[in-house]
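Whenever a hint applies, use it, and build me the whole structure from the sequences.
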Amino acid sequence: MSGNERVALVTGASRGIGKAIALGLAERGFDLVLNDIAVQGATLEDTAVEARAYGGRVIALYADVSNKAQVQAMVAEAVAQMGTLHAVVNNAGILRASDVEHCPEDYWDSVMDINAKGTFLVVQAVLPVMKAQGYGRICNISSIGGKHGAPEQAHYSASKAAVMGFTRVLAQEVGPFGITANCICPGIILTDMGRVNLDDPTISNAWKAKTAMARIGDPADVAGPVAFFCSDDSAFVTGQTLNVDGGIVLS
5 MSGNERVALV
15 TGASRGIGKA
25 IALGLAERGF
35 DLVLNDIAVQ
45 GATLEDTAVE
55 ARAYGGRVIA
65 LYADVSNKAQ
75 VQAMVAEAVA
85 QMGTLHAVVN
95 NAGILRASDV
105 EHCPEDYWDS
115 VMDINAKGTF
125 LVVQAVLPVM
135 KAQGYGRICN
145 ISSIGGKHGA
155 PEQAHYSASK
165 AAVMGFTRVL
175 AQEVGPFGIT
185 ANCICPGIIL
195 TDMGRVNLDD
205 PTISNAWKAK
215 TAMARIGDPA
225 DVAGPVAFFC
235 SDDSAFVTGQ
245 TLNVDGGIVL
255 S
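Residue numbers (my numbering): 5 to 255.
No lab work stands behind these hints: they were computed from the structure. Heads up, some of the hints might be wrong.
[To be verified] The calculated EDC-like cross-link candidates involving lysine to aspartate or glutamate, where the alpha carbons are at most 16 Å apart (straight line), are:
no., residue 1, residue 2
1, Lys-121, Asp-68
2, Lys-135, Glu-177
3, Lys-121, Asp-110
4, Lys-72, Asp-117
5, Lys-212, Asp-222
Set out below in structure tokens:
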């Protein structure tokens, strides 16, 4: 299946890693359904404009991925406008830092709702479409934080570990239908979410020292591996987790 015949949904596509993934897929010939919450409308539209420059069809749809009704409506509208969905990239995610002892319950709930339940709800909504066509590529964005974690991120680590476990079981269930499911675990990437800490030279240099490639990642570094999992080049790869971290977690 050639690039310009594929339609991909990317959640959390307004900025950072999500935007880079969207532009990377557009560059490779994918038509796109870009998603984020309404408050990110202006930045999501900016991403859509940049993606359209590659010549494909691009639409922007707003939905909170933790809300089942909104997710179902988004997927229905995507299929109505684009005809189908061949790939989905579950990138939407948040981080609200707190140590375990003082972590507010709503921090735990919101992080788990968006990072873990959001991934589940989007997959649940797209599976009937993918099963009907006998083809699908699911790429879930986890994190190396889901493998090792860091202080004040226990709830985030738990949510990302959940995404990896979910993906491994999902792959076993959907494989007979021509659908693959894989995970990307980004490392330390310079995004708006990460910039708060990484703008501190001491913290930035410490992470560089822990990374085999001795640099902080760029959102664009994640786009190629995601595109691989969304393409036919990965047709016999499923249930896998790929670290995209410049050499922090070595496995």
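Hints versus structure:
1. Lys-121 / Asp-68: holds (11 Å)
2. Lys-135 / Glu-177: holds (11 Å)
3. Lys-121 / Asp-110: Holds, at roughly 15 Å.
4. Lys-72 / Asp-117: holds (11 Å)
5. Lys-212 / Asp-222: holds (13 Å)
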